[in-house]
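If you read the protein sequences in the order shown, they are chains F and E.
Position 57, counted from 1, in the first sequence is what my numbering calls 57; the numbers after and before it change by one each time, with no gaps.
Position 60, counted from 1, in the second sequence is what my numbering calls 60; the numbers after and before it change by one each time, with no gaps.
Heads up, some of the hints might be wrong.
You can't tell identical chains apart in this list, so a pair holds if it fits in one copy or across any two.
Claimed, not checked - Computed list of lysine-lysine pairs in DSBU-like fashion (alpha-carbon distance at most 30 Å, straight line):
(1) Lys121 to Lys99
(2) Lys134 to Lys121
(3) Lys127 to Lys99
Derived by calculation from the structure, the hints in this document are not laboratory data.
There are 2 protein chains.
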Amino acid sequence: MIANHLIPNLRSFSSSFAPRILHIGDVLTSSKQFSDQDVLQFSNLTLDFNPLHFDPHIARQSGFRDPIVHGILVASLFPRTIAFHFAGAVYVSQSLQFKSPVYVGERVVAEVRPVQLRQNKDRYIAKFATKCFKDREVVVIDGEAVALLPNLEIIDGK
Amino acid sequence: MIANHLIPNLRSFSSSFAPRILHIGDVLTSSKQFSDQDVLQFSNLTLDFNPLHFDPHIARQSGFRDPIVHGILVASLFPRTIAFHFAGAVYVSQSLQFKSPVYVGERVVAEVRPVQLRQNKDRYIAKFATKCFKDREVVVIDGEAVALLPNLEIIDGK
């Protein structure tokens, strides 16, 4: 299950009738608990059968207590969070630093925070700080994304 | 279908009985043709339903001739290529610049080239230049990856 949430800053509430507009300081979030079925499906789709994701012995040899979820699968929370609130958003770049392992069954929360917003012709170039957490405060992935947004109106998707 | 190839530099052939050792100058490659089923499966797995991947009208509004494959799905070729040749490789970081769209049905070739190899205790820290191409020369994704390798012996996986 993936849940999506938007934690807008207070300026977004200046009028309850106006569309909510993305501002620096907002936090877009989503979360997902990764199952062994997710790991298997992702492996079958990408043919990434690194035994680190299946073999407890190899995982322990590599310093992990159990098999871990593919980093790129966890990172997919970032574009998914951006696209959920901005239909048609185009991904320009993403940096990913894999800080901690995600074990099967763990819930990960992705936080996407705009740090720079710039209009470019009829679109907006948005730079986001992107982080994934587990256990509330353990950073799993740290990085930055740049995306082209069709506008700054936040779709709630509810 | 994903195909995997290793284009070793000539030093790797110094003995046909010795294991092939990764060197600066080697190129690890794999390729994949992305189908609409791949896009649908990836969307269902990650819940990234950006209409850019399904809706021709939204895709054209965003400057593409057709719906495009998720960038992170294409990027999964990089860890998959590294893991194919180094079982138990641990992904440390990846940067991704999405340069050109990948349309459904297009074949993408990933090239992973070691640019720095350093021993760290009983493992190796490898920095790779990572690029995806389509139509032989069109760069789709450009970036860099760092991975911890258990050793430098290349598994051919044949």
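Right, here's what the structure says about each hint:
{"no.": "1", "hint": "Lys121 to Lys99", "verdict": "between (37 Å within a copy, 19 Å between copies)"}
{"no.": "2", "hint": "Lys134 to Lys121", "verdict": "between (38 Å within a copy, 29 Å between copies)"}
{"no.": "3", "hint": "Lys127 to Lys99", "verdict": "both (21 Å within a copy, 17 Å between copies)"}
Hint compliance for this structure: no hint is broken.
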